[in-house]
Amino acid sequence: MTSLPEPTSKKLGLVIDLDICVGCQSCATSCKEWNTGGYSAPLSDHDPYGADPSGAWLNRIHSYEFGEGPEAKTVHFPRSCLHCEEPDCVTVCPTGASYKRAEDGIVLVNPDTCIGCKLCSWACPYGAREYDYDDGVMKKCTLCVDRIYNENLPEEDRVPACVRSCPTGARAFGDLGDPDSDVSRSVAEREGFNLLEEFGYKPVNKYLPPRKAQVPTQAPEKQPEQVAAPNGTAIEKLFSWVDKTLS
Amino acid sequence: MHPAYSVIFFTTASGAGYGLLFWLSLAQLFGQMPGGRWFGFFAIALALLLITAGLLSSTLHLGRPERAIGAFSQWRSSWLSREGVAAVVTYVPAGLLALFYLFGISSGLAPVLGALAAIGAVATVYCTGMIYGSLRTIRQWNHPLVPYIYLAFAGSTGAILFGFLASLIGAASIGLLIATLFLIGLGTSLKIAYWKAVDADPGQYTREMALGLPQLGKARPLDPPHSTPNFVMREMGYSVARNHAAKLRKIVMACLMIAPVLLVILALLAPLDGLWMLLAVVAAGIGIVTERWLFFAEAEHVSQLFYGAERA
Chain A
1 MTSLPEPTSK KLGLVIDLDI CVGCQSCATS CKEWNTGGYS APLSDHDPYG
51 ADPSGAWLNR IHSYEFGEGP EAKTVHFPRS CLHCEEPDCV TVCPTGASYK
101 RAEDGIVLVN PDTCIGCKLC SWACPYGARE YDYDDGVMKK CTLCVDRIYN
151 ENLPEEDRVP ACVRSCPTGA RAFGDLGDPD SDVSRSVAER EGFNLLEEFG
201 YKPVNKYLPP RKAQVPTQAP EKQPEQVAAP NGTAIEKLFS WVDKTLS
Chain B
1 MHPAYSVIFF TTASGAGYGL LFWLSLAQLF GQMPGGRWFG FFAIALALLL
51 ITAGLLSSTL HLGRPERAIG AFSQWRSSWL SREGVAAVVT YVPAGLLALF
101 YLFGISSGLA PVLGALAAIG AVATVYCTGM IYGSLRTIRQ WNHPLVPYIY
151 LAFAGSTGAI LFGFLASLIG AASIGLLIAT LFLIGLGTSL KIAYWKAVDA
201 DPGQYTREMA LGLPQLGKAR PLDPPHSTPN FVMREMGYSV ARNHAAKLRK
251 IVMACLMIAP VLLVILALLA PLDGLWMLLA VVAAGIGIVT ERWLFFAEAE
301 HVSQLFYGAE RA
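Chains A and B, in that order, give the protein sequences. Position 102 of the first sequence, counted from 1, bears residue number 102 in the numbering used here, the numbering being contiguous throughout. Position 150 of the second sequence, counted from 1, bears residue number 150 in the numbering used here, the numbering being contiguous throughout.
Derived from the structure by calculation, the hints contain no laboratory data. Misleading hints may appear alongside valid ones.
[As the list claims (entries may be wrong)] Not the full set, but computed from the structure, chain A residues with beta-carbon under 10 Å of chain B:
no.: 1; residue: Ser9
no.: 2; residue: Thr36
no.: 3; residue: Asn59
no.: 4; residue: Ser63
no.: 5; residue: Pro78
no.: 6; residue: Val90
no.: 7; residue: Thr95
no.: 8; residue: Tyr126
no.: 9; residue: Glu155
no.: 10; residue: Glu156
no.: 11; residue: Pro210
no.: 12; residue: Gln214
[To be verified] Short, incomplete list of chain A residues facing chain B, as computed with Cβ under 8 Å:
no.: 13; residue: Pro5
no.: 14; residue: Cys24
no.: 15; residue: Gly69
no.: 16; residue: Lys73
no.: 17; residue: Val92
no.: 18; residue: Cys114
no.: 19; residue: Lys118
no.: 20; residue: Pro125
no.: 21; residue: Tyr149
no.: 22; residue: Asn150
no.: 23; residue: Asn152
no.: 24; residue: Leu153
no.: 25; residue: Leu195
no.: 26; residue: Tyr207
no.: 27; residue: Asn231
[Unchecked claim] The list that follows gives simulated cross-link-like pairs (lysine-lysine, DSS-like), each with its CA atoms no further than 25 Å apart:
no.: 28; chain 1: A; residue 1: Lys10; chain 2: A; residue 2: Lys202
no.: 29; chain 1: B; residue 1: Lys218; chain 2: A; residue 2: Lys212
no.: 30; chain 1: B; residue 1: Lys196; chain 2: B; residue 2: Lys250
no.: 31; chain 1: A; residue 1: Lys73; chain 2: B; residue 2: Lys196
no.: 32; chain 1: B; residue 1: Lys247; chain 2: B; residue 2: Lys196
no.: 33; chain 1: A; residue 1: Lys212; chain 2: A; residue 2: Lys73
Every value quoted in this text rests on a predicted model; they were computed, and no experiment measured them. Even for Gly, the Cβ is constructed at its ideal location relative to N, Cα and C.
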């Protein structure tokens with residue numbers, strides 16, 4: 001049923017720290033690696049090693065520049081499904097294949113009933129859904145639903161693949177519906193925000209802004225080199241004579 | 001937005017089909033059907049043929065057309081599903097009406113079927129318009145006039161077709177042709193008001209809003225996430241040059257608005273009304289396909305803010 005479920009207290013999602021993301025693409029590649037062998041059919045690629053490669057990916061990492069001069073900043077910007085609380089990508093679906101889980105808020109596509117009409121991708125302002133041209137269905141971030149509850153995995157691996165692989169710890173996974181969770185605390189401390197808040201889909205995933213740049217306002221003044229006062233020993237006179245002669 | 005030919009053919013062909021069905025149903029309801037039972041049968045059959053060809057074409061853009069039956073299930077929330085349900089339901093009174101004409105059955109039920117078919121035609125085209133009109137991600141689609149423009153052009157192209165069919169048997173009535181002129185005028189004025197509104201609106205969302213970092217100032221794309229276009233860029237990033245679009249709008253004005261008005265007036269006043277109506281059908285066909293192509297090509301999607309667009 002593509003009507004939205006009643007709001008629930010559990011809101012699983014990601015918190016992405018734009019201050020420490022280095023844009024290494026590790027989250028994107030580990031996402032692709034896990035999800036091409038997981039939940040749905042493989043994430044198909046076309047001409048992957050040729051001149052015009054393309055394919056379905058669930059996570060895309062942009063880089064932007066802000067500001068000028070010493071205040072300029074580069075921000076690496078991972079973009080994936082935000083598992084919104086009130087998204088139209090779910091309600092526009094004609095078959096019920098696109099749905100939001102009542103128990104944890106994860107937005108999923110049922111690969112067995114999706115007809116590939118692409119309307120959900122039209123309804124997403126975040127460009128988070130990608131069509132799989134080989135499988136004929138829509139693909140999107142599953143929040144690694146096949147990892148996070150998977151008791152066959154060691155406990156430390158029961159997080160989304162992107163979170164597990166991030167070398168800088170820029171991605172965190174948790175329950176954003178619980179104000180005492182680590183992710184909710186970091187959002188409160190760092191003034192975490194929603195993408196395109198004005199649009200009104202109420203994203204669950206949050207982003208943490210870059211910290212204020214620690215740029216020194218002035219370069220430190222150069223101190224002249226301190227020369228030790230001569231103490232009059234024979235060896236020092238010798239060096240002094242050599243120095244004068246040579247210079 | 002990428003203009004998919006299957007969707008353009010679907011919305012224009014089935015739009016004209018539902019428009020024709022609407023006028024035929026009204027003619028039946030008020031006892032104004034020109035010609036005898038064969039005209040009624042063939043005209044309704046042509047309307048259903050256009051509708052069916054359009055609906056079949058719309059399944060061509062599906063990744064999994066064999067599962068299309070599932071699309072009738074979510075009418076509570078989805079305009080696409082509602083459109084499917086309305087389309088199928090409308091076949092029942094329209095098909096029965098065609099059979100009544102084919103077998104020459106005169107029954108008190110016929111006007112009821114006519115009324116139901118007319119309502120079904122309006123409901124289906126309204127749903128088609130709302131599939132686009134309900135998408136807040138595209139400001140050129142999320143305009144209150146959009147479903148009414150779909151309705152007006154379905155009505156005008158259907159009326160032109162009806163006039164042509166009636167003229168073939170020398171029965172194009174003055175009332176029908178005047179109704180045609182009225183519908184063309186209505187569609188034209190709605191579309192011009194729509195163009196003015198979307199041209200005046202620069203878009204309320206900016207790249208900085210999309211990134212959520214307005215405090216950092218203006219954002220400049222540095223590295224794209226992928227070296228060649230992905231699905232999101234190909235599907236949502238299609239754009240048409242502004243001067244190109246201006247020329248195409250003129251073609252829409254000429255073919256969908258001015259030419260049919262002149263040709264219908266000629267059919268009213270001059271002999272050879274069948275020829276003039278045939279030319280009106282051809283002109284309106286070119287005009288409506290161009291109008292629908294532009295409707296897609298000029299549509300800007302919010303997701304493109306991440307890919308270099310400054311406003312949407």
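In rising order, the numbers of the hints this structure does not comply with = Numbers 1, 2, 9, 10, 12, 13, 14, 15, 21, 22, 23, 24, 27 and 31 - these are the hints that the structure violates, sorted from lowest upward.
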